[in-house]
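Engineer: Please model the complete structure; the sequences and the hints are all you need to start from.
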Amino acid sequence: MARSSIISHPLSRRQVLKGGAALGIGSAAAMGLTPAWANPWGRTNVYAQGVEEGPEVSLAIRRESLPIDGQEAQPITINGTSPAPLIRLKEGQDAVLRVTNLLDEPTSIHWHGLILPPEMDGVPGVSFAGIAPGETFTYRFPVRQNGTYWYHSHSGLQEQLGHAGPLIIDAAEREPIRYDREHVLLLTDWTFEDPMSVFRNLKTMEGYYNFQERTIADFFADVREKGFSQTAEMRGMWAKMRMSSRDIADVTGSTYTYLLNGHSPQENWNALFKAGERIRLRVINGSAMSYFDVRIPGLKMTVVAADGQPVQPVPVDEFRIGVAETYDVLVSPEDDRAYTIFAEAMDRSGYARATLAPREGMQAEIPKRRQIADRGMEAMGAHGMGGMDHSNMAGMDHSGMSNMSGMDHSGMSNMQGMDHSTMGGMAAEQAKIGANGLLLAGEAQPGSRYDQAGIGIDPDERRILVYRDLKAITPWPDRREPGRELELHLTGNMERYIWSFDGKKFSEVTGPIHFVKDERLRLILINDTMMEHPIHLHGMWMELENGQGELIPRKHTLNVKPGERVSALITADAEGSWAFHCHLLYHMDAGMFRVVQVS
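So the sequence shown is numbered by the numbering used here: it starts at 1 and just counts up by one.
Derived from the structure by calculation, the hints contain no laboratory data. Worth double-checking, as some hints may not be accurate.
Said to hold, decoys possible - Straight-line C-alpha distance at most 27 Å; calculated DSS-like pairs for lysine-lysine:
| # | residue 1 | residue 2 |
| --- | --- | --- |
| 1 | 471 | 505 |
| 2 | 471 | 432 |
| 3 | 504 | 203 |
| 4 | 517 | 505 |
| 5 | 471 | 203 |
Nothing here was measured: the structure is a model prediction, and the numbers come from that model.
Structural biologist: And the structure:
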(Lines of atoms letter the chains of each structure in order from A; the text may use other names.)
(Lines give C-alpha, C1' and ligand atoms only; values in the text may rest on other atoms or scores of the structure.)
Protein backbone atom coordinates (compact mmCIF):
# COMPACT_ATOMS: atom_id res chain seq x y z
CA MET A 1 0.00 0.00 0.00
CA ALA A 2 1.34 3.41 -0.91
CA ARG A 3 1.95 5.56 2.15
CA SER A 4 0.60 8.53 0.22
CA SER A 5 -2.89 7.19 0.90
CA ILE A 6 -2.46 7.71 4.65
CA ILE A 7 -2.39 11.00 6.54
CA SER A 8 -1.25 10.95 10.16
CA HIS A 9 -2.98 13.43 12.44
CA PRO A 10 -3.75 12.40 16.02
CA LEU A 11 -7.02 13.99 17.14
CA SER A 12 -8.65 14.32 20.53
CA ARG A 13 -12.37 13.60 21.05
CA ARG A 14 -12.93 17.34 21.67
CA GLN A 15 -11.30 18.20 18.34
CA VAL A 16 -13.39 15.59 16.55
CA LEU A 17 -16.65 16.97 17.95
CA LYS A 18 -15.62 20.52 17.10
CA GLY A 19 -14.77 19.46 13.57
CA GLY A 20 -17.79 17.20 13.25
CA ALA A 21 -19.21 18.98 10.24
CA ALA A 22 -16.03 18.42 8.27
CA LEU A 23 -16.14 14.73 9.10
CA GLY A 24 -19.83 14.43 8.33
CA ILE A 25 -20.91 14.12 11.95
CA GLY A 26 -24.12 15.94 12.79
CA SER A 27 -24.91 17.06 16.33
CA ALA A 28 -27.54 14.35 16.83
CA ALA A 29 -25.14 11.68 15.64
CA ALA A 30 -22.43 13.01 17.98
CA MET A 31 -24.78 12.37 20.91
CA GLY A 32 -24.95 8.71 19.91
CA LEU A 33 -28.50 8.56 18.65
CA THR A 34 -29.85 5.95 16.27
CA PRO A 35 -28.58 6.56 12.73
CA ALA A 36 -30.97 8.80 10.86
CA TRP A 37 -30.96 6.53 7.82
CA ALA A 38 -33.23 4.34 9.93
CA ASN A 39 -35.85 7.10 9.97
CA PRO A 40 -39.26 5.42 9.94
CA TRP A 41 -40.39 7.31 6.84
CA GLY A 42 -37.63 5.89 4.69
CA ARG A 43 -35.72 7.50 1.87
CA THR A 44 -38.74 9.14 0.21
CA ASN A 45 -39.15 11.73 2.96
CA VAL A 46 -35.73 11.80 4.58
CA TYR A 47 -32.62 11.39 2.48
CA ALA A 48 -29.71 13.64 3.37
CA GLN A 49 -29.96 13.33 7.18
CA GLY A 50 -27.82 10.52 8.43
CA VAL A 51 -26.98 9.36 4.93
CA GLU A 52 -23.44 9.94 3.73
CA GLU A 53 -24.04 10.54 0.03
CA GLY A 54 -21.16 10.16 -2.40
CA PRO A 55 -19.11 10.40 -4.36
CA GLU A 56 -17.00 11.94 -1.54
CA VAL A 57 -17.60 10.74 2.02
CA SER A 58 -15.73 11.25 5.31
CA LEU A 59 -16.00 8.69 8.10
CA ALA A 60 -14.60 8.82 11.65
CA ILE A 61 -14.26 5.57 13.64
CA ARG A 62 -14.10 5.57 17.43
CA ARG A 63 -15.26 3.69 20.56
CA GLU A 64 -17.79 5.43 22.80
CA SER A 65 -20.62 4.88 25.25
CA LEU A 66 -24.09 4.37 23.77
CA PRO A 67 -27.24 2.67 25.05
CA ILE A 68 -28.09 -0.66 23.43
CA ASP A 69 -31.33 -2.36 24.46
CA GLY A 70 -31.56 0.03 27.41
CA GLN A 71 -28.09 -0.80 28.76
CA GLU A 72 -24.90 1.18 28.58
CA ALA A 73 -22.54 -0.27 26.00
CA GLN A 74 -19.22 0.55 24.36
CA PRO A 75 -19.68 -0.10 20.64
CA ILE A 76 -17.44 1.05 17.84
CA THR A 77 -19.18 3.97 16.16
CA ILE A 78 -18.76 5.56 12.76
CA ASN A 79 -19.62 9.27 12.61
CA GLY A 80 -21.10 8.89 16.07
CA THR A 81 -23.62 6.13 15.43
CA SER A 82 -23.82 2.38 15.71
CA PRO A 83 -24.84 0.84 13.37
CA ALA A 84 -22.77 3.03 11.06
CA PRO A 85 -24.19 5.59 8.61
CA LEU A 86 -25.78 4.51 5.38
CA ILE A 87 -23.39 5.28 2.53
CA ARG A 88 -25.15 6.06 -0.73
CA LEU A 89 -23.18 5.97 -3.97
CA LYS A 90 -24.18 5.97 -7.61
CA GLU A 91 -23.12 3.63 -10.35
CA GLY A 92 -20.61 5.35 -12.63
CA GLN A 93 -19.15 7.58 -9.91
CA ASP A 94 -15.55 7.57 -8.75
CA ALA A 95 -15.92 7.10 -5.00
CA VAL A 96 -13.60 8.88 -2.56
CA LEU A 97 -14.06 7.61 0.99
CA ARG A 98 -11.83 9.14 3.68
CA VAL A 99 -11.71 7.02 6.82
CA THR A 100 -10.18 8.44 10.04
CA ASN A 101 -9.20 6.01 12.80
CA LEU A 102 -9.83 7.49 16.27
CA LEU A 103 -9.47 4.12 18.01
CA ASP A 104 -6.40 3.13 20.01
CA GLU A 105 -5.85 0.14 17.70
CA PRO A 106 -5.63 -0.37 13.92
CA THR A 107 -8.87 -0.66 11.98
CA SER A 108 -10.14 -1.08 8.42
CA ILE A 109 -13.25 -1.03 6.25
CA HIS A 110 -14.09 -3.74 3.74
CA TRP A 111 -16.72 -2.81 1.15
CA HIS A 112 -18.55 -6.13 1.10
CA GLY A 113 -19.54 -7.30 -2.39
CA LEU A 114 -17.98 -4.42 -4.29
CA ILE A 115 -15.80 -5.07 -7.32
CA LEU A 116 -12.79 -2.77 -6.92
CA PRO A 117 -8.96 -2.72 -7.00
CA PRO A 118 -7.36 -5.07 -4.44
CA GLU A 119 -5.58 -2.29 -2.55
CA MET A 120 -9.00 -0.69 -1.90
CA ASP A 121 -10.65 -3.89 -0.63
CA GLY A 122 -9.71 -3.21 2.98
CA VAL A 123 -8.26 -6.49 4.29
CA PRO A 124 -5.19 -5.88 6.46
CA GLY A 125 -2.28 -8.16 5.61
CA VAL A 126 -3.76 -9.12 2.25
CA SER A 127 -4.32 -5.98 0.22
CA PHE A 128 -3.28 -3.12 2.48
CA ALA A 129 -1.63 -2.42 5.83
CA GLY A 130 -4.71 -1.33 7.75
CA ILE A 131 -5.40 2.11 9.23
CA ALA A 132 -3.23 2.96 12.24
CA PRO A 133 -4.59 4.98 15.17
CA GLY A 134 -4.77 8.67 14.34
CA GLU A 135 -4.41 8.13 10.61
CA THR A 136 -6.74 8.70 7.68
CA PHE A 137 -6.85 6.34 4.73
CA THR A 138 -8.55 7.37 1.50
CA TYR A 139 -10.33 4.67 -0.46
CA ARG A 140 -10.67 5.55 -4.16
CA PHE A 141 -12.38 3.31 -6.69
CA PRO A 142 -14.78 3.43 -9.63
CA VAL A 143 -18.33 2.33 -8.79
CA ARG A 144 -19.16 -0.30 -11.40
CA GLN A 145 -22.34 -1.89 -10.02
CA ASN A 146 -25.57 -1.09 -8.20
CA GLY A 147 -27.69 -2.68 -5.49
CA THR A 148 -27.78 -3.42 -1.77
CA TYR A 149 -24.44 -4.05 -0.02
CA TRP A 150 -22.79 -3.31 3.30
CA TYR A 151 -19.43 -2.46 4.86
CA HIS A 152 -17.61 -3.61 7.97
CA SER A 153 -14.27 -3.91 9.70
CA HIS A 154 -11.87 -6.67 8.64
CA SER A 155 -9.64 -6.11 11.69
CA GLY A 156 -9.76 -8.59 14.56
CA LEU A 157 -13.22 -8.98 16.08
CA GLN A 158 -14.28 -5.33 15.59
CA GLU A 159 -17.26 -6.34 13.48
CA GLN A 160 -18.82 -7.88 16.63
CA LEU A 161 -18.51 -4.48 18.31
CA GLY A 162 -20.87 -2.76 15.87
CA HIS A 163 -18.36 -1.76 13.19
CA ALA A 164 -20.76 -2.25 10.26
CA GLY A 165 -23.18 -0.25 8.15
CA PRO A 166 -25.35 -0.39 5.01
CA LEU A 167 -24.11 0.58 1.55
CA ILE A 168 -26.61 1.35 -1.22
CA ILE A 169 -25.57 1.98 -4.81
CA ASP A 170 -28.19 3.59 -7.03
CA ALA A 171 -28.34 2.43 -10.63
CA ALA A 172 -27.04 4.69 -13.40
CA GLU A 173 -30.19 3.96 -15.39
CA ARG A 174 -33.73 3.50 -14.12
CA GLU A 175 -34.31 0.05 -12.68
CA PRO A 176 -37.10 -2.12 -14.08
CA ILE A 177 -38.73 -2.57 -10.67
CA ARG A 178 -41.06 0.19 -9.44
CA TYR A 179 -41.62 1.18 -5.81
CA ASP A 180 -42.86 4.18 -3.84
CA ARG A 181 -40.70 3.93 -0.73
CA GLU A 182 -37.73 1.98 0.55
CA HIS A 183 -36.47 0.91 3.96
CA VAL A 184 -33.08 -0.54 4.83
CA LEU A 185 -33.26 -3.37 7.38
CA LEU A 186 -29.85 -4.16 8.89
CA LEU A 187 -29.80 -7.27 11.11
CA THR A 188 -27.01 -7.56 13.70
CA ASP A 189 -26.18 -9.56 16.83
CA TRP A 190 -24.85 -7.71 19.87
CA THR A 191 -23.22 -9.14 22.99
CA PHE A 192 -22.35 -7.23 26.15
CA GLU A 193 -19.41 -9.60 26.57
CA ASP A 194 -15.99 -8.74 25.22
CA PRO A 195 -15.71 -10.52 21.84
CA MET A 196 -12.35 -11.98 22.89
CA SER A 197 -14.08 -13.51 25.92
CA VAL A 198 -16.68 -15.03 23.60
CA PHE A 199 -13.89 -16.51 21.48
CA ARG A 200 -12.09 -17.90 24.56
CA ASN A 201 -15.33 -19.47 25.77
CA LEU A 202 -15.81 -21.19 22.43
CA LYS A 203 -12.23 -22.49 22.57
CA THR A 204 -12.60 -23.64 26.17
CA MET A 205 -15.92 -25.49 26.18
CA GLU A 206 -17.87 -27.01 23.33
CA GLY A 207 -21.48 -25.83 23.45
CA TYR A 208 -20.69 -23.03 25.89
CA TYR A 209 -23.58 -20.90 24.58
CA ASN A 210 -25.96 -23.74 23.76
CA PHE A 211 -28.65 -23.71 26.45
CA GLN A 212 -31.07 -25.74 24.34
CA GLU A 213 -29.63 -29.24 24.65
CA ARG A 214 -31.99 -32.20 24.60
CA THR A 215 -33.70 -33.16 27.86
CA ILE A 216 -35.29 -36.27 29.35
CA ALA A 217 -38.66 -34.88 28.24
CA ASP A 218 -37.33 -34.66 24.67
CA PHE A 219 -36.17 -38.27 24.91
CA PHE A 220 -39.61 -39.54 25.89
CA ALA A 221 -41.24 -37.38 23.22
CA ASP A 222 -38.96 -39.00 20.63
CA VAL A 223 -39.81 -42.46 21.98
CA ARG A 224 -43.51 -41.72 21.52
CA GLU A 225 -42.93 -40.52 17.95
CA LYS A 226 -40.20 -42.90 16.71
CA GLY A 227 -40.13 -45.80 19.14
CA PHE A 228 -37.53 -46.70 21.75
CA SER A 229 -35.17 -48.60 19.46
CA GLN A 230 -34.76 -45.84 16.84
CA THR A 231 -34.50 -43.14 19.51
CA ALA A 232 -31.83 -45.03 21.45
CA GLU A 233 -29.88 -45.72 18.26
CA MET A 234 -29.82 -42.07 17.24
CA ARG A 235 -28.90 -40.88 20.75
CA GLY A 236 -26.12 -43.44 20.88
CA MET A 237 -24.76 -42.35 17.50
CA TRP A 238 -24.57 -38.69 18.54
CA ALA A 239 -22.93 -39.68 21.85
CA LYS A 240 -20.26 -41.77 20.11
CA MET A 241 -19.39 -38.86 17.90
CA ARG A 242 -19.27 -36.52 20.93
CA MET A 243 -21.72 -34.33 19.05
CA SER A 244 -25.05 -32.69 19.74
CA SER A 245 -27.94 -32.76 17.31
CA ARG A 246 -28.75 -29.26 18.57
CA ASP A 247 -25.48 -27.62 17.67
CA ILE A 248 -27.26 -25.21 15.32
CA ALA A 249 -25.33 -22.05 16.20
CA ASP A 250 -22.04 -21.56 18.06
CA VAL A 251 -23.14 -18.29 19.69
CA THR A 252 -26.78 -17.95 20.68
CA GLY A 253 -29.39 -15.75 22.30
CA SER A 254 -27.92 -16.74 25.67
CA THR A 255 -25.46 -13.88 25.10
CA TYR A 256 -26.76 -12.19 21.93
CA THR A 257 -29.35 -9.45 21.68
CA TYR A 258 -30.67 -9.51 18.12
CA LEU A 259 -31.04 -6.02 16.67
CA LEU A 260 -32.82 -4.56 13.66
CA ASN A 261 -31.38 -1.17 12.68
CA GLY A 262 -29.75 -1.04 16.09
CA HIS A 263 -33.03 -1.62 17.98
CA SER A 264 -33.91 -4.56 20.19
CA PRO A 265 -37.29 -6.32 19.87
CA GLN A 266 -38.61 -4.43 22.90
CA GLU A 267 -37.75 -1.08 21.30
CA ASN A 268 -39.90 -1.97 18.28
CA TRP A 269 -38.44 0.13 15.48
CA ASN A 270 -41.14 1.32 13.07
CA ALA A 271 -40.97 1.40 9.27
CA LEU A 272 -43.84 3.55 8.05
CA PHE A 273 -45.92 3.32 4.89
CA LYS A 274 -49.09 4.63 3.31
CA ALA A 275 -51.70 2.06 2.35
CA GLY A 276 -51.43 1.08 -1.30
CA GLU A 277 -47.73 1.89 -1.61
CA ARG A 278 -45.22 -0.58 -2.97
CA ILE A 279 -42.26 -0.73 -0.59
CA ARG A 280 -38.75 -1.98 -1.24
CA LEU A 281 -37.12 -3.56 1.79
CA ARG A 282 -33.35 -3.88 1.50
CA VAL A 283 -32.50 -6.64 4.01
CA ILE A 284 -28.86 -7.01 5.08
CA ASN A 285 -27.50 -9.65 7.45
CA GLY A 286 -24.65 -7.72 9.05
CA SER A 287 -24.38 -10.03 12.06
CA ALA A 288 -21.20 -11.71 13.25
CA MET A 289 -22.58 -15.25 13.63
CA SER A 290 -26.36 -15.41 13.21
CA TYR A 291 -28.59 -16.71 10.44
CA PHE A 292 -32.15 -15.34 10.39
CA ASP A 293 -35.48 -16.53 9.00
CA VAL A 294 -37.38 -13.43 7.87
CA ARG A 295 -41.14 -13.13 7.35
CA ILE A 296 -43.92 -10.54 7.61
CA PRO A 297 -47.08 -12.40 8.64
CA GLY A 298 -50.00 -11.26 6.53
CA LEU A 299 -47.84 -9.94 3.68
CA LYS A 300 -46.43 -11.73 0.67
CA MET A 301 -42.86 -10.72 -0.18
CA THR A 302 -41.43 -10.72 -3.69
CA VAL A 303 -37.67 -11.27 -3.85
CA VAL A 304 -36.18 -9.08 -6.60
CA ALA A 305 -32.45 -9.06 -5.78
CA ALA A 306 -29.89 -11.30 -4.06
CA ASP A 307 -26.49 -10.00 -2.92
CA GLY A 308 -27.15 -6.76 -4.80
CA GLN A 309 -27.82 -8.49 -8.12
CA PRO A 310 -31.31 -8.44 -9.69
CA VAL A 311 -33.13 -11.76 -9.96
CA GLN A 312 -36.39 -12.74 -11.59
CA PRO A 313 -39.19 -12.03 -9.07
CA VAL A 314 -39.94 -14.82 -6.59
CA PRO A 315 -43.07 -14.53 -4.37
CA VAL A 316 -42.36 -15.98 -0.92
CA ASP A 317 -43.70 -15.96 2.63
CA GLU A 318 -40.29 -16.36 4.26
CA PHE A 319 -36.59 -16.45 3.45
CA ARG A 320 -33.46 -17.52 5.28
CA ILE A 321 -30.62 -15.01 5.11
CA GLY A 322 -27.11 -16.20 5.86
CA VAL A 323 -24.46 -14.05 7.46
CA ALA A 324 -23.29 -11.36 4.98
CA GLU A 325 -26.05 -12.03 2.42
CA THR A 326 -28.50 -9.37 1.26
CA TYR A 327 -31.98 -9.72 -0.23
CA ASP A 328 -34.25 -7.04 -1.68
CA VAL A 329 -37.98 -7.71 -1.42
CA LEU A 330 -41.10 -5.81 -2.45
CA VAL A 331 -44.23 -5.68 -0.29
CA SER A 332 -47.56 -3.97 -0.96
CA PRO A 333 -49.62 -3.50 2.23
CA GLU A 334 -53.19 -2.58 1.24
CA ASP A 335 -54.73 -2.30 4.71
CA ASP A 336 -54.42 0.46 7.29
CA ARG A 337 -52.85 -1.85 9.88
CA ALA A 338 -49.52 -2.83 11.39
CA TYR A 339 -47.38 -5.81 10.31
CA THR A 340 -44.55 -7.44 12.24
CA ILE A 341 -41.22 -7.76 10.46
CA PHE A 342 -39.98 -10.91 12.19
CA ALA A 343 -36.39 -12.17 11.90
CA GLU A 344 -36.03 -15.34 13.97
CA ALA A 345 -32.56 -16.72 14.71
CA MET A 346 -32.02 -20.07 13.01
CA ASP A 347 -31.40 -21.80 16.34
CA ARG A 348 -34.65 -20.26 17.72
CA SER A 349 -32.81 -18.73 20.69
CA GLY A 350 -34.15 -15.25 19.98
CA TYR A 351 -35.33 -12.85 17.30
CA ALA A 352 -35.13 -9.34 15.94
CA ARG A 353 -38.29 -7.51 15.02
CA ALA A 354 -39.70 -4.24 13.78
CA THR A 355 -43.15 -3.05 12.76
CA LEU A 356 -44.28 -1.98 9.30
CA ALA A 357 -47.10 0.44 10.05
CA PRO A 358 -49.04 3.46 8.76
CA ARG A 359 -48.42 5.38 12.02
CA GLU A 360 -45.61 5.52 14.55
CA GLY A 361 -45.99 3.62 17.80
CA MET A 362 -48.09 0.82 16.32
CA GLN A 363 -47.27 -2.83 16.73
CA ALA A 364 -48.66 -6.13 15.50
CA GLU A 365 -48.76 -9.56 17.08
CA ILE A 366 -45.43 -11.35 17.32
CA PRO A 367 -45.66 -14.79 15.67
CA LYS A 368 -45.53 -17.91 17.78
CA ARG A 369 -41.94 -18.97 18.29
CA ARG A 370 -40.76 -22.19 16.69
CA GLN A 371 -38.94 -24.92 18.58
CA ILE A 372 -35.29 -25.63 17.95
CA ALA A 373 -34.82 -28.39 15.39
CA ASP A 374 -32.45 -31.37 15.56
CA ARG A 375 -29.75 -32.13 13.06
CA GLY A 376 -30.61 -35.19 11.01
CA MET A 377 -28.53 -37.67 9.09
CA GLU A 378 -28.17 -35.28 6.17
CA ALA A 379 -25.95 -33.12 8.38
CA MET A 380 -23.52 -36.03 8.72
CA GLY A 381 -23.15 -36.17 4.97
CA ALA A 382 -25.60 -39.05 4.85
CA HIS A 383 -25.96 -38.55 1.12
CA GLY A 384 -22.43 -39.81 0.70
CA MET A 385 -22.05 -42.16 3.70
CA GLY A 386 -24.45 -44.94 2.83
CA GLY A 387 -21.89 -47.73 3.24
CA MET A 388 -19.98 -46.21 6.13
CA ASP A 389 -19.59 -47.95 9.49
CA HIS A 390 -20.90 -45.32 11.88
CA SER A 391 -19.62 -47.27 14.87
CA ASN A 392 -16.11 -46.11 13.99
CA MET A 393 -17.05 -42.45 14.16
CA ALA A 394 -16.36 -41.99 17.87
CA GLY A 395 -13.08 -40.22 17.16
CA MET A 396 -14.52 -37.98 14.50
CA ASP A 397 -14.07 -34.24 14.85
CA HIS A 398 -17.13 -32.79 16.53
CA SER A 399 -17.89 -30.43 13.69
CA GLY A 400 -18.45 -33.26 11.30
CA MET A 401 -16.36 -34.97 8.70
CA SER A 402 -13.06 -33.12 8.77
CA ASN A 403 -11.15 -36.37 9.25
CA MET A 404 -12.35 -37.33 5.80
CA SER A 405 -10.80 -34.32 4.09
CA GLY A 406 -8.17 -36.48 2.45
CA MET A 407 -10.70 -38.84 0.92
CA ASP A 408 -11.79 -38.63 -2.68
CA HIS A 409 -15.43 -37.70 -2.21
CA SER A 410 -16.07 -37.14 -5.87
CA GLY A 411 -17.04 -40.70 -6.51
CA MET A 412 -19.68 -40.78 -3.80
CA SER A 413 -21.11 -37.34 -4.26
CA ASN A 414 -21.30 -37.61 -8.01
CA MET A 415 -23.70 -40.52 -7.60
CA GLN A 416 -26.25 -38.26 -5.94
CA GLY A 417 -29.27 -37.34 -7.98
CA MET A 418 -28.70 -40.16 -10.49
CA ASP A 419 -31.54 -42.47 -11.31
CA HIS A 420 -29.91 -45.86 -10.77
CA SER A 421 -33.10 -47.74 -11.48
CA THR A 422 -32.79 -47.28 -15.23
CA MET A 423 -30.06 -46.81 -17.78
CA GLY A 424 -32.06 -43.81 -18.96
CA GLY A 425 -31.20 -42.01 -15.75
CA MET A 426 -27.51 -42.65 -16.30
CA ALA A 427 -27.79 -41.43 -19.87
CA ALA A 428 -29.41 -38.23 -18.67
CA GLU A 429 -26.55 -37.64 -16.27
CA GLN A 430 -23.99 -38.34 -18.99
CA ALA A 431 -25.67 -35.77 -21.23
CA LYS A 432 -24.74 -33.10 -18.68
CA ILE A 433 -21.01 -33.73 -19.20
CA GLY A 434 -19.17 -31.45 -21.65
CA ALA A 435 -16.42 -32.30 -24.10
CA ASN A 436 -13.76 -31.59 -21.46
CA GLY A 437 -15.26 -34.20 -19.13
CA LEU A 438 -16.64 -31.60 -16.69
CA LEU A 439 -20.23 -30.90 -15.77
CA LEU A 440 -21.75 -28.34 -18.12
CA ALA A 441 -21.89 -24.75 -16.88
CA GLY A 442 -25.00 -23.94 -14.87
CA GLU A 443 -25.88 -27.53 -13.93
CA ALA A 444 -26.41 -28.21 -10.22
CA GLN A 445 -23.70 -30.31 -8.59
CA PRO A 446 -24.71 -33.79 -7.50
CA GLY A 447 -24.89 -33.59 -3.71
CA SER A 448 -26.29 -30.07 -3.64
CA ARG A 449 -29.54 -29.35 -1.80
CA TYR A 450 -30.62 -26.10 -3.46
CA ASP A 451 -34.29 -27.05 -3.13
CA GLN A 452 -34.04 -27.07 0.68
CA ALA A 453 -34.03 -23.96 2.84
CA GLY A 454 -32.23 -25.71 5.68
CA ILE A 455 -32.73 -26.95 9.20
CA GLY A 456 -35.79 -25.89 11.19
CA ILE A 457 -37.87 -24.92 8.14
CA ASP A 458 -41.10 -26.72 7.27
CA PRO A 459 -41.68 -26.28 3.52
CA ASP A 460 -45.32 -27.28 3.94
CA GLU A 461 -45.98 -24.48 6.42
CA ARG A 462 -45.39 -21.58 4.04
CA ARG A 463 -43.63 -20.70 0.78
CA ILE A 464 -39.91 -20.47 1.55
CA LEU A 465 -37.20 -19.06 -0.70
CA VAL A 466 -34.57 -21.63 -1.67
CA TYR A 467 -31.42 -21.22 -3.75
CA ARG A 468 -33.04 -23.10 -6.61
CA ASP A 469 -35.48 -20.18 -7.00
CA LEU A 470 -32.78 -17.65 -7.81
CA LYS A 471 -32.63 -16.87 -11.52
CA ALA A 472 -30.70 -13.99 -13.07
CA ILE A 473 -32.42 -11.44 -15.28
CA THR A 474 -29.79 -11.72 -18.01
CA PRO A 475 -26.90 -14.12 -18.65
CA TRP A 476 -23.43 -13.27 -17.39
CA PRO A 477 -21.28 -11.97 -20.29
CA ASP A 478 -18.69 -14.73 -19.90
CA ARG A 479 -20.46 -17.81 -21.29
CA ARG A 480 -17.38 -20.06 -21.46
CA GLU A 481 -17.46 -23.54 -20.00
CA PRO A 482 -15.11 -23.99 -17.02
CA GLY A 483 -11.58 -24.99 -17.98
CA ARG A 484 -10.86 -26.67 -14.65
CA GLU A 485 -12.33 -27.49 -11.25
CA LEU A 486 -10.99 -26.57 -7.84
CA GLU A 487 -12.41 -28.57 -4.93
CA LEU A 488 -12.17 -27.38 -1.34
CA HIS A 489 -13.47 -29.08 1.79
CA LEU A 490 -14.91 -27.05 4.66
CA THR A 491 -13.46 -28.69 7.76
CA GLY A 492 -13.22 -28.17 11.50
CA ASN A 493 -12.99 -29.48 15.03
CA MET A 494 -15.71 -28.13 17.30
CA GLU A 495 -14.21 -29.46 20.53
CA ARG A 496 -10.98 -27.54 19.92
CA TYR A 497 -12.83 -24.81 17.99
CA ILE A 498 -10.58 -24.95 14.95
CA TRP A 499 -12.06 -24.19 11.52
CA SER A 500 -10.28 -24.71 8.24
CA PHE A 501 -10.21 -25.51 4.54
CA ASP A 502 -9.00 -29.00 3.57
CA GLY A 503 -8.08 -29.72 7.19
CA LYS A 504 -5.62 -26.81 7.50
CA LYS A 505 -6.28 -23.55 9.30
CA PHE A 506 -4.87 -20.35 7.81
CA SER A 507 -1.74 -20.36 9.99
CA GLU A 508 -0.83 -23.81 8.66
CA VAL A 509 -0.96 -23.13 4.92
CA THR A 510 2.19 -22.21 3.02
CA GLY A 511 0.80 -20.14 0.18
CA PRO A 512 -2.27 -18.80 -1.59
CA ILE A 513 -4.86 -20.51 -3.75
CA HIS A 514 -3.92 -19.69 -7.36
CA PHE A 515 -6.35 -18.55 -10.03
CA VAL A 516 -4.96 -17.92 -13.52
CA LYS A 517 -5.78 -14.43 -14.76
CA ASP A 518 -8.94 -14.46 -16.92
CA GLU A 519 -9.47 -18.20 -16.60
CA ARG A 520 -12.96 -19.66 -16.25
CA LEU A 521 -13.05 -22.16 -13.39
CA ARG A 522 -15.48 -24.07 -11.24
CA LEU A 523 -15.11 -23.80 -7.46
CA ILE A 524 -16.59 -26.81 -5.63
CA LEU A 525 -17.21 -26.49 -1.88
CA ILE A 526 -17.88 -29.65 0.14
CA ASN A 527 -19.05 -29.09 3.69
CA ASP A 528 -17.62 -31.86 5.87
CA THR A 529 -18.86 -30.20 9.08
CA MET A 530 -22.07 -30.10 11.06
CA MET A 531 -22.50 -26.34 10.70
CA GLU A 532 -23.69 -23.99 7.95
CA HIS A 533 -20.91 -21.86 6.46
CA PRO A 534 -21.43 -18.59 4.52
CA ILE A 535 -18.41 -18.55 2.20
CA HIS A 536 -17.33 -15.16 0.82
CA LEU A 537 -14.91 -14.51 -2.04
CA HIS A 538 -13.58 -10.96 -2.33
CA GLY A 539 -13.03 -9.18 -5.64
CA MET A 540 -14.97 -11.49 -7.98
CA TRP A 541 -18.49 -12.77 -8.43
CA MET A 542 -19.38 -16.40 -7.80
CA GLU A 543 -22.07 -17.68 -10.17
CA LEU A 544 -24.07 -20.21 -8.15
CA GLU A 545 -24.66 -23.36 -10.22
CA ASN A 546 -28.21 -23.96 -9.05
CA GLY A 547 -29.51 -25.63 -12.22
CA GLN A 548 -30.71 -22.44 -13.95
CA GLY A 549 -28.40 -22.87 -16.96
CA GLU A 550 -27.19 -19.59 -18.45
CA LEU A 551 -29.31 -17.65 -15.93
CA ILE A 552 -27.55 -18.84 -12.79
CA PRO A 553 -27.41 -16.05 -10.17
CA ARG A 554 -24.33 -14.03 -9.22
CA LYS A 555 -23.51 -13.93 -5.50
CA HIS A 556 -20.71 -12.71 -3.27
CA THR A 557 -21.57 -15.07 -0.39
CA LEU A 558 -22.68 -18.71 -0.66
CA ASN A 559 -24.35 -20.58 2.17
CA VAL A 560 -23.19 -24.20 2.30
CA LYS A 561 -25.35 -26.48 4.42
CA PRO A 562 -23.91 -29.37 6.49
CA GLY A 563 -22.98 -32.30 4.27
CA GLU A 564 -23.71 -30.31 1.12
CA ARG A 565 -21.75 -29.98 -2.14
CA VAL A 566 -22.04 -26.54 -3.76
CA SER A 567 -20.36 -25.16 -6.87
CA ALA A 568 -19.90 -21.80 -8.52
CA LEU A 569 -18.38 -20.56 -11.76
CA ILE A 570 -15.76 -17.82 -11.49
CA THR A 571 -14.20 -15.58 -14.09
CA ALA A 572 -10.81 -14.73 -12.60
CA ASP A 573 -10.64 -11.21 -14.04
CA ALA A 574 -9.40 -9.45 -10.88
CA GLU A 575 -5.61 -9.53 -10.72
CA GLY A 576 -4.12 -9.39 -7.23
CA SER A 577 -4.55 -10.94 -3.79
CA TRP A 578 -8.04 -11.50 -2.37
CA ALA A 579 -9.49 -12.81 0.88
CA PHE A 580 -11.59 -15.98 0.79
CA HIS A 581 -13.21 -17.09 4.03
CA CYS A 582 -16.17 -18.21 6.08
CA HIS A 583 -18.13 -15.12 7.13
CA LEU A 584 -18.94 -16.49 10.57
CA LEU A 585 -16.60 -14.13 12.39
CA TYR A 586 -15.24 -16.58 14.97
CA HIS A 587 -14.83 -19.31 12.32
CA MET A 588 -12.73 -16.94 10.23
CA ASP A 589 -10.65 -15.95 13.25
CA ALA A 590 -10.22 -19.63 14.15
CA GLY A 591 -8.65 -20.41 10.78
CA MET A 592 -11.30 -20.73 8.05
CA PHE A 593 -9.54 -18.19 5.85
CA ARG A 594 -7.38 -18.35 2.72
CA VAL A 595 -5.89 -15.91 0.23
CA VAL A 596 -6.67 -16.24 -3.48
CA GLN A 597 -3.92 -14.98 -5.79
CA VAL A 598 -4.98 -14.09 -9.34
CA SER A 599 -2.03 -13.82 -11.70
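Engineer: With reference to the structure, classify each hint as holding or not holding.
Structural biologist: Against the structure, the hints come out as follows:
{"no.": "1", "hint": "471 x 505", "verdict": "34 Å, violated"}
{"no.": "2", "hint": "471 x 432", "verdict": "19 Å, holds"}
{"no.": "3", "hint": "504 x 203", "verdict": "17 Å, holds"}
{"no.": "4", "hint": "517 x 505", "verdict": "26 Å, holds"}
{"no.": "5", "hint": "471 x 203", "verdict": "40 Å, violated"}
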